[in-house]
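Peer 1: Below, each chain spelled out in residue letters.
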Amino acid sequence: MDDLMLNQFLLLSAILFSAGVYGVLAKRNAVIVLMSIELILNAVNINLVAFGAHNGTIAGSVFALFVIAVAAAEVGVGLAIVLLIYRNRKSVDLDEVAQMKG
Amino acid sequence: MDFIQDWGLTAMVFAPLAGVAIMMLFPKDADDTHKVLALLTSLVTAAIGIAVLADFDYDDTGSLQFLRDNEWINVINSRFILGIDGLSVPLIALTLLITPLVIAYSWNHFPEPHNPKAFLSLILVLHTGMLGTFVAQDLILFFVFFEVVLLPMYFMIGVWGGPERQYASIKFFLYTLFGSALMLLSFLALFFLTGGETFSMVELAERVQGMDIARTTQLIVFGGMFMGFAIKVPMFPFHTWLPDAHTQAPTQGSVILAAVLLKLGTYGFIRVALPILPEAAQSWAPWIGGLAVIGIIYGALGCLAQTDMKRLIAFSSVAHMGYTMLGISTLTDFGLNAAVFGMVAHGLITGMLFFIAGSVKERYHTLEIKRLGGLLVSAPRLGWILGFCTMASLGLPGLAGFWGEFPAILAAYQPAEGLPVELFRGYMVVAAIGTVLAAGYLLWLYQRTAFGTVKDEFVDDPNIHDVNGPEWIAWTPLLALILILGVYPNLLFKVSDGSIVNVASQIAAATGN
Amino acid sequence: MVAQNIFFYVIAAVMAFSAIRVVTVKNVVHAAMYLVLVLAGVAAQYVLLASEFLAATQVLVYIGAIVVLVLFGVMLTRAKLGEDVNLTNDYWYVGAFTGVILFVLLAVSLLDHFGDEPLDQANAETQIVGNTEQVSDAIFGTYVVPFEAVSVLLLAALVGAIVLARKD
Amino acid sequence: MFGAAEAAAGAVEPGFLLENAYVVPLVMAASFALTLAIGKRLGKHASWIGIVSIGFCFLFAVGVNVQWYGYVHDSEHAAESHSEDSEESHGEDTEDHAEDEDEAHAEDGDEAHAEEGALVLPAAEGIGPMVDGESASARGPPTVAAVAEEGEGGEDGHAEYTIEPVTKSVTWWTNGTVEFEVGMLLDGMAVMMLFVVTLISLLVHVFSTDYVAGDRRYTHYFAFLSLFSAAMLGFVMSQNTLQLITLWELVGVCSFALIGHWWEEKPNSDAALKAFLTNRVGDVGLLVGMIILFFAAGQTFDIIEINTLANSGDITHTALLVASLCLLAAVMSKSGQFILHTWLPDAMAGPTPVSALIHAATMVVAGVYMVARMYGVFWNGLVIGGSSVNALAVVGGLTVLGGAGLAFVQSDIKKVLAYSTVSQLGYMVMALGVGAWTAALFHLFTHAFFKAGLFLGSGSVAHAVHSFDMKKDMGGMKQFMPKTFWTFVICTAALIGIFPFAGFWSKDEILAGASQLGGDGSYTAFLVVGSIGALMTAAYMTRCIYLTFFGEFRGGHHGEVSHGTEDHPVEEDHLAADSGHGDDLEAAHDPHADDHGLPHESGPRILVPLYILAGLAIVAGFANVPNSGALSWWPEDFALVFEHLFEPRGGYFPSLTEAGPTGAVFAHPKFDIVIALSSTLLGLLGIGLAYAWYFKGLGPHGITRRNRLAGVGHRILVNKYYFDHLYTGIIAGGVKGPVARATNWFNKHILDGVVDGVGKGAVVGGRFVYETIDQKVVDGAVNGSGYAAEGGGQVFRIMQTGKVQQYGAILFAATVVLAGVFIVVI
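Going down the list, the protein sequences come from chains A, B, C and D. The opening position of the first sequence corresponds to residue 0 in numbering that gives the first Met the number 0, with each subsequent residue numbered one higher. The opening position of the second sequence corresponds to residue 0 in numbering that gives the first Met the number 0, with each subsequent residue numbered one higher. The opening position of the third sequence corresponds to residue 0 in numbering that gives the first Met the number 0, with each subsequent residue numbered one higher. The opening position of the fourth sequence corresponds to residue 0 in numbering that gives the first Met the number 0, with each subsequent residue numbered one higher.
Just so you know, the hints here were simulated from the structure itself, not pulled from any lab data. Treat the hints with caution; some may be incorrect.
Unchecked claim - Residues from chain B that face chain D, not an exhaustive set, calculated with beta carbons under 8 Å:
1. 4
2. 16
3. 187
4. 282
5. 488
6. 489
Predicted, not measured: the structure shown is a model, and the values here were computed from it. All C-beta atoms, glycine included, are put in the ideal place defined by N, C-alpha and C.
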């Protein structure tokens, strides 16, 4: 228990990641799905930084930064889409979004 | 011939893709241009192939020739390795032969919704996939080519197929994809088990021998490959996609499917599964043999119950591939040689039978056996050809089919060391009984379609004419080969023997200790 | 080091709990609040990992911008502010199954592979001071091209979001 | 392989024709190809290709026989000179003759022998120019006395020699280190069969030019006759068992094609299918048996080697026993033995000349020939020389009686002959089973002639009355067709075994074998069977002759009756119908078609073959007159020529002098006047009884209606012992019907159901599975068989929800599972 272990960060991120996956797959509210995606991205970020620290390189932090930027963009566009869907169908229930049904 | 030695295989494999690229430049409605282009492409491919095969050293069929080893995907140490030996040569030759014939046959037999550009492009893409599978010597490369054939076939069935085409194509696609996934898993497992340094088949085989991999692990890894290949073959009980796909596919699709695609599975067994994991193969062999003979009997019984000519022929594939798999499961040089011969023979014969079924369908607009009859009266030549192929298919000695069946049955009497002899002898008897059933369903088919008199509804039907030009062009080489290989089987045995003996001795060496 | 460890586990426990709550609560607004907790936790972890610049960015961008955005989204789509029993779809057990198995697999393979490898503290200590500086050097030196790409991406996202959300 | 004598025999030059006999089947194969290729253009001349080819082959075969004679002769002398004086040069035998025990050959030198043969035999046997060559070859070789006295007594003084078979082969295919060859193996029996097959084939070709003239598939008919001849000739010369199997099946196909020659009618194609399938059943045995022998003999198909190893005891008895039992199944199907005989009578649906050639004289004896060819295997495997009753003899015996019984109730003349063939084949198999090898082959030889004669004779009659029904359309034919009648009677006499016709000699030898061989007389039962068979043969043939040639003519109403009657081959309809087409072939044929009033004698192309066959039926028996017992006065030179010439000598045949592994010595029966007389008397008795019954109307007529037991017996016979019912109805019907349907159902519902079920399960788990089962039951109840396609489509439709999340769920779940397996494996 003396030193910080690499694994504790990785396992934490695994929990976040799994929770995020569950959310993406199981939630019918589009906004919550977006939040779940944030969870996943953050899990990845923790991994990146942890490995960066582990290897003593700065690249991990830099890429985490990029991920944050991309996440911001993603949320922006994602919410715009959600809004559009809501405007068209008065609902953000993904179960009703099934135009791809064959 | 340096170019041929170095780049011949690569050129052969990718020539059809180049053809597709050229075809893309022309508009969709230029039907004739596309036909000519496609035929030319396939002929050029065949020409390159012939140049390669002519340069092939037939005295040294046991070793890989025309080896091409380039960097490919460094991250996973997968390399672009091409090479052929006596095992690939017959199948490559078969592929090179079938594709131009199919295109020639297409000349005036386009299934709805027409669109030759797309149809012929798909055939050419298939061509690349099939050739690539037979020359790839790297597992990842092999896998890629193995999967490349899936998509064009899926579209051919799904777009140009019969009334149930969607069901059939999805079933075909998912079924084979499922097998492929497990197969890929096995490939990866092999890669990591051997230290993650190579995907080369030859090297992997050596590494596996040199390492001490737990038996259970080997069995599981072999199991993954087994699923992938067995579904493709297809073996009982993984065959249910086959009748549907065959029945719904357009004639050309059926022919390619029967003639070449099914061989990918059996080829995979001999090329990949057996040499790399001989010990596991030995443990699996009794089960494979058992499924094979069940397939023989089961396929035959299935045939007897069919009312549709094409579906009957499709089911007969299950039985015939059963002989091939029985040959493989014996792990002896006899059995493996028989398997190679069986693959080629089945390709020629069943390909022909599907051609005929297509032509019958075109004339009668039905394949319902009950409604046919008197083919020998209304189209005598077609009837005779059907008779000839029927005889070949039921394994008549003197025609190609026999040499796939008999040595396989023969080999089952004395399987490789370490396999349960009594069990395999039982298989032998069952397989021999299968020949009776084969004769039964094929002759029964022939009797009801060709003998007798023409049914009232088809008397004087102007649609029903005898064999025409494109059909002769497409069929004559196949018919001639069925006869020639049947009379002088050494043409093929001589080629395959070298590499087969290698495989068999590899297995014997690995399982001996 | 013990202190760091204690901090880590406390924060981690909060984060894990919150993360799971994000995807399980029946109220969308509550989910957003839990998400804030998680994101803050992540920022804290960055600090523990000696990346204070990243921690700051995390707080600013995520908590300051993204969560607010999400909350706007919640409001604009008129989600029920109370409990909404219908938040999960019919196949939630597939997702649950996937999530659990995924976690087990990850845990197994991580424990298997990294065992008790320490986070390389020696290196980290040298970087503790001046990490921000290094980050800026890296971004505007080695990674300048990706940085530009990201900025273009952000611009594109901006334009795109406006185009999408604009009422015609 | 053959010990000391090998070198000696090896020095003997086999002669050009012998060495190149392989061209014979090749010529016929070429004839087949040529006929198919250009036959249509030649019209009625298409037959010339076949006739010229088979004529050439016949002459070639005669030449081969002549050279074979010289070869046998040389082999003996070479062996003798070798054994007596190893310094002597082998090719010459001039000096050794003085020391021979054989006094008839005081003159020395080969030319003298040949000359004498050529001079003496035609005179002695009076066969006529057609068979000169054969006669010349069939002459007494020098050591006849020793061989004839050999018997079971095994007197000394017999010079041990071998006749090296003439072989020639090329590589057919290779497998690893094992090479397989294709080639020819000419020994006595092959040479003999060459002669028989080419002769009968030639006669049938000639006969057919008249018989099937105007048929719409004239070309195909002759093409297949050629192909058949090629296959059969190749078969008898097979060098290895693989080649044997190949050609065995090829003759089967030709038989299939020719039985189904008029395939427009369902009964004909049914008969063809039945023949082929029954033979396939037997082929299972053939394949398995030959495979066992292949491995038992150390991976070789070579017939000589297998036989040699079997004789020397190098193959275990168990392997030989199993192999010979398997091969027996093939014999039963090909040679029409009980219980696989049912196809042979049906095969009469083919044209009559085909019946004569294929289903009487040649192809059906392939089974017998195969046993003779692999005699080393059967002899040791079934312990024929020992005292046990073996399967071969039992099957043969059963067939003799079973076939003869059925011949009584047939009204179709060809079916009478077909069952008679079955019965006679039974004799041959029985003879092989009791160890009388030569008797069997000799019977094969004589039977080929007289049975072909009978069939062609029946064809001649049918050609006149356009029907095969003896009861409805024949009767009193003697007055219309005297020439046909007399040839028919001669052949019948040969079949019944009246002295001195051919059948007498061969049947007598079989009966003598049954009584004398097998150690302590354990085969005596088969003597009884054979004798009863002789009695029955005589009776049913008398009935047949009575119905056909005597009494009132019942025909002349052909048009009304022969359509659609069940047992009638409709072949004459074709001929009649085809004659109306007005092609130029009809000139000769038309009179038949028009003139239904009274039948008349057939033309020369039909009669000449009949004469030749009848002549052979008279004289062929003298080819193997025994000179033992009551006939010991018969000159040794002309005694047992057949045996001497055609019986193999060498390690690949059971040894005459040394006991093989089973402890038995191969022996020849001696002539027994009692058996000869009693079998003749039984034959006469049979004729007498039938005469009394049919001609005089004596005896309890109508007993089948009055007596229940007799009625049952009659019904069983009429229903052919219900074998057809068993095979067609129960076995084939069962497999084709319920079993196949069950398999199909299993495929559609269980396997496809599993596939679809898996598809569903992956998507939605339990609830959907429940729904589908629900749906499936409903669907299944509603439209049963169409379910697989429809229901399956439904399932995949459900999966195709269009919901991205669901797709993602599947994707992820699958990936995770895969990764899990992956991790667990690594």
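Peer 1: Each of the hints needs a verdict: does it hold here or not?
Peer 2: Structure-based check of all given hints:
Given hint, residue 4(B) at the interface with chain D, is violated; its Cβ is 27 Å from that chain's nearest Cβ, farther than 8 Å. At a threshold of 8 Å, the smallest CB-CB gap from residue 16(B) to chain D is about 29 Å, leaving the interface hint violated. Hint status for residue 187(B) relative to chain D: holds, with the closest Cβ pair at about 7 Å, below 8 Å. With 8 Å as the threshold, the beta carbon of residue 282(B) stays out of range of chain D, its nearest partner Cβ sitting at about 17 Å, so the hint is violated.
Here the hint on residue 488(B) is kept, as its CB sits about 4 Å from the closest CB of chain D, short of 8 Å. For the restraint placing residue 489(B) at the interface with chain D, the shortest Cβ-Cβ distance is roughly 4 Å, inside the 8 Å limit, so the hint holds.
Of the numbered hints given earlier, the model fails hints 1, 2, 4; all others are met.
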